[in-house]
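Trainee: Chain by chain, the residues run as shown.
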Amino acid sequence: MKRPLLAWLAVALPALACSSRGHVASAPVPAPAADASAAPEPAAPAPVYGDLEPAASDDRPDAGTVKIKLIADARRQAHVLWGRKDLGVAPLEIVRPRGSAPMDLTIQAPDCLPLHTRVFADRDDTLSLRLYTEREAAALPGYAPTATPTTKAPTTATKSQRQF
Amino acid sequence: MASLAASLACDRAKPSAPIEAPRAPALTAAAPPPRPRAHPIAAADALPALSDLPPERRAIQVVGSDENQVDADAARARGLTTVDLSDAWAPSVLEGASYRAVFTGLAADRSDGDGQPLAAGERNYLELYGIPPALSVLRRRFLIDAQGACARAFDADALLAVEQIRTWGASTEQKELAKHRARGQRLRAARPDAGTDDLQALAEGDGKMARDAKEHLRFEAERLAFAEAEKRLACEGLMDARKHKPGAYDTEMRTAMLDFQQKHAVMDQADIKRATLEALARQPLDNDFDALGRVLTERAMHAGGFIEDGSVGSSVSDPAYPTYLGADGARHRVPDLATASREATMNALGIATPEDAVAFFRRHPRDDFRWLRVAVRLPTPPEYYSRTMDLSVEIDRGDVWYDFPFDAAGVRQPQPRERFPQLTLFVKWRGERVPLVRWRTTVGGWRAELASDGQEYYRFKGSDVGPRVWRHIVTAPVWIPPATSPLGSMTKEKRVGGTYVRVTNYDETGPGFLSAYGMVAAIHEEMRKGPDGPRFFDNGIRTHGSFDYPSLRGRFSHGCHRLFNDLAMRIFSFVLDHRRWRATGNVAAGSRRVFWSRGEVFEMRLPTRGYYRELQPPIPVEVLEGRVKGTLTKPIAGYVPKPGVKYASRRLPTMTDTPEDRAGGGEAP
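Chains G and Z supply the protein sequences, listed in that same order. Numbers 1 to 164, taken from our numbering, label the letters of the first sequence in order. Numbers 1001 to 1669, taken from our numbering, label the letters of the second sequence in order.
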């Protein structure tokens, strides 16, 4: 999982501190105690058990489903994306197991900035998607005028750009 | 980013320098004692073995050399406690909150903090954050480590020959290694003049040469230990040797070291101090065994509804160790039920050694951890236990300095503290206050804060003193950022549906183990008499769990009283077990914030403030002023400019002091 901030900083800060100095040793420095005999050995061999990895499901009792309605003007042609997956054009309805993880969605519509929102699966919900043009977004907190161009409707190319 | 975030909520503090002291008792790699054996269970506790029980009725019991399946209901009827060993376990305070499912997913290495599946091979090492590994995760560790890849892969003596291994960032490391080589050359050249070839003899002398020789020997020993640490991390499967440059504390090894430390509950945060060296020097199975002990302690304490962990005194043999008056007229020591419960549970499982644990996990395939529980004769609760205990809390702020910590020249002034903040839970019994646990906590102090003019100032963010109550316990609490909070940390990249995208960052708001309020919080409310009965005021102070475990070793909060996340869940589970309460449920927040970031629009939606329970009646909390040090007897009100900072205006900005500003989250319902 993503490393907690505290832990991430413990690893990353020393590296950042060093790179900021812009100094790279010109010649590799021999490790005093790391000769051939001290080289790290390969990791343990694969286990013989077939059930060591976590089970896929958590055995929660079936709590039914929830319906999440995403409302937007159909003329906007707003595509609702969950990661790579295009769930369709809003308005649409998502059905999820009740109590399952929240979904981080990206809404992409022509001439509008991508909108990132989250839907929760605790209960039935209706969410009105407020999409912003570049001009409208200028009133939002954090806005800086060096904005990137607004997106077009998602295409294969658009989606593939997100695969990094 | 961290400093900005730190100004916003009680526990949003900057990570500090790592600390050395481990929470888990550090074991040394001494000669092994004679092989211990689990004590056989009492004949009266042995239940008939049954083979056709449905999963919900099953428990296990080890009788002699046999592990039997027994009827859990019959076990309870006989006064035994069934300790839940299944992967579905979570502390009882999480019951009712939807975050419970995320907790169990994190514990079982199944999902991330948002409940999304982990990538293949990814692991959560979250014990220090309050989420102990599930038994199926420990099973994996035991069964892999039992294959012995590490058995002879490293030299424990070399690891224990040093007190620490100093580490640096990449460029400093190069310089230090170069200095070491140069020192070695100088010493080689100087040996003929010194009349000895022996560095040790040289080090025992006086003067610069001796100091150089000592330092050289120390450095050499650290490099030897470093090489062993490399082998150790690789053999445990935490470091990919192909991505690591031998001898360098590079990102690959630093990441592996942090994983190792978090896996084994060592609080060194990638530094290689004594506690880390001791853990590295142990065989993996020994570390696994310690982890199993910690996990079973937590399970047994929750199953028994216990809290006493021996923290109220330094040693049970100390005559000053707290006692309570028994019905027999004698004084009895407040027990350490944590140790006793763990021992009883391990005994009931027939586990006394790492090898016993391997045998146990070999007997039980992964699927058994869907239902597994063990019937245990837990210690008899002390006589002051009941469903409605007369509990109270005292928080001693310890040594408090109100003086501004810089002099007129901007030089930081030392403000040493001998007495640190402590939280003590008491039960009133036979007219006496009996301390049950005493834990380190945090109090507020001088903190840098982002003011409304966009610049940072110092401000004394104290902890309220005087009588308060815990009236609401909030599970999976949500911190609602004030409108002025900076946006820098409000987005993050994460994997969603198989690809990485930028999303709104809910880590700091929660619910979650990284949230500003941890996984559970109690609101400190001031009770005032009103014409229609008592009225309650929330001044933004909470006692809450915290992911920022190093802060519990002496840093300041923004006024809140932090606890380790696991202890916070333990104490509030205990309170719910032994007090009357009413579930209010999820309290609506309806918070929605829209902001722009790098050409995209983000919505932060926080539908609830968390899952609330109301204690009936509330628990009294007394916050003691502590020992005020220095010259000032009251805190300075308002902002104080930071030394060395040029401000746009000489006029100090107005300081807000709302509960949301002090801690976030606003008022209690």
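Because the hints were derived from the structure by calculation, they are not lab data. Heads up, the beta-carbon is just placed ideally off N, CA and C, and yes, glycines get one too. Treat the hints with care, as some may be off.
Stated by the list, open to error - Not everything, but these chain G residues come out facing chain Z in the computed CB check (under 10 Å): (1) P91; (2) E93; (3) V95; (4) R135.
Stated by the list, open to error - Here are a few chain G residues that sit away from chain Z, every Cβ distance over 10 Å (derived from the structure): (5) R76; (6) S100; (7) L131.
Said to hold, decoys possible - Computed list of chain G residues with no C-beta within reach of chain Z, every gap over 12 Å: (8) K67; (9) R75; (10) Q77; (11) T106.
Trainee: So, against the hints stated earlier in the document, which numbers end up violated here?
Mentor: 1, 2, 3, 4, 6, 7 and 11
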